[in-house]
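Protein sequence lines correspond, in order, to chains Z and A.
Position 18 (the first sequence) corresponds to 101 in this note's numbering; numbering is contiguous.
Position 466 (the second sequence) corresponds to 1721 in this note's numbering; numbering is contiguous.
It is possible that part of the hints are untrue.
[What the hints assert, rightly or not] To give an idea of the chain A side of the interface with chain Z (calculated C-beta under 8 Å), a few residues:
1) Leu-1277
2) Pro-1468
3) Ala-1494
4) Glu-1497
5) Pro-1500
6) Arg-1682
7) Arg-1683
8) Leu-1689
9) Ser-1691
Since the hints were made in silico from the structure, they are not lab data.
Ideal placement from N, C-alpha and C gives every residue a C-beta, glycine not left out.
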Amino acid sequence: MHDVDTAGHSDPEALVRRRLAERIGDEVAYGIGVDEPFLAVGVDSLDLMHVVAQLEQDADVKQVAEAELWAVASSIASLVAYISLESDGGGDGASVGAGEDAQPVRPGPGGHA
Amino acid sequence: MTRSADADGRVLLGHAAFFDRLRRWAVERPTADAVIAADGTALPYGRLVAAVAATSAHLRDNGARPGEPVAIPTGNSVASIVTILAAAALGAVPLLFDAGATEQERSQLMRLAEARTCVPPVVAREPAAWPEPPAHVQELALVTSGTNGLPKVVGKHWAAVVDNSVRFAEVAGYGDADRILCTTPLHHAFAFGVVLVPALFTGATIVLAPHPPLPSALVPLLAETRATVVQSVPFLYGAALETMPSHGLPDLRLCVSAGEPLRPAVRSAWLEATGARLRDQYGATELGQIGFAAPDGPDDACRLVPGVQARTRLDGEWSAGEGELFVRVPGRPSRYLGQDELTQRSYVDGWFRTGDWGTVDGSGRIVVTGRVNRRVVVGGRKVDPAEVENAVRSMPGVRDCVAVVGEDAGYVAFVVAEPDVTELGLRRHLAALLSSYKIPRRLHLVPALPRTTTGKIRMAPLWQGLTDGSAT
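Chain Z with its partners taken away, still in its complex shape (with noise of 0.2 Å):
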């Protein structure tokens, strides 16, 4: 994973998969894959839409290149890539994981913000 401050978040795939959690549970958001679609566990586009706009406002979103949600939350790595993309000042962001094998870690307790 490449290092990126996203305004202060110095790991983005954290943030991301922490904002996932708090919207459908932990299991999904630490079990699912880096590249694996979310349409592949049925993660709706509302969940999604709720997730991209906290994430916005944590990473401080002021330039929207995409109006289609998929575009920019198809998959960990592309949100990842959303948000690191708006803090390295343009950045490629793409690379984020080491892929759908890569086992995320799962916060102890009080690790929600």
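Please build the complex by placing chain A on the supplied structure of chain Z, with the hints as guidance.
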């Protein structure tokens, strides 16, 4: 050609009136924009009508026939609009469904409608003459959720759809200078009856937002397209407020909201930010637009759209006070394709059972206060819990399930399953069967569903389990 009339004998606008009007715009205002896509490309009325004629010929060459259903996986795109209109102009029955539907959902819908042809949206280029006017009754088919585990494919007559949509357009004051932003799926009755049909009939411009939209993109889209009318749902209005510019949206004059109740805070903040009032629309796939909030009326009430009649029923008798809302609209009643018995059960003395609870008074003021059946609304989209529970139970290892909406927890399911069943595994299973919006936000694994002596599920202990952590 079949003509329909309302209870007063007034001949209704229908299929022919709609397409005559569309072709008139192509002659009189050929360069006026009919549709603007999310990527900014525009299709003026002249080219729209040419594209519809060409695509009708294309559909006919690919098996579409007058009177027969043509399934169209619909997205918010110019091609979807052209294909829907082309199928209808040909006299076929456009069956609109979500382009993101699963294979199982699509097969089920096509089986109910007895549709043999499914065509992806297309814009044909080969010039063709306008198709011959169809000689039989013209229908279209829209999909909505059921309450019995099966979706409903609603067969609607164009005369009922066009007449109701035009009446709505009159109440809403649509005109050819309007630019109407559509933010909900075109295959839903809300967008079809509030945007597609009335906009094209009045010569307005349809502006298509991508679906689903990025909430933060909505306000820029409204500003860039200088939309005068926006059609959306409460959640998106609330989200859009976050990115509202200080100068508001000076072109916006009308904001139509439907699907679920508006929170007072969103209503007042929107008015303050834009100067335009959010106005509730009450509708149903089977009926079209039933009610619309008056410009200066109370926030919790709608006025019946002209031509629409409503009454209430309580304990099996027509009543004057609060009760189940029954409605009828001009034109032939809609029907459920492939479910004749359900169609019969849905009408009492010619009045359609809405499944909503509420009041209606002699002045045409209608207030919806709740639901009679189990169908739930998730972000403005209707979901049949029975369909979802059936899908959950089809997962090996699952023993029991209930899908419900809680005041705080939102749309969730409680599932009793073998220890090797996980929430993530269950979600992967459901994603292959159901559209994402039907899948509960959380699938809570519980040891058992507590029941009363009559077998009814006791929800209180399940909700308590979420609080004390005994549900995972």
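Hint check against the structure, violated hint numbers in rising order: The structure breaks hints 1 and 5; every other hint is satisfied.
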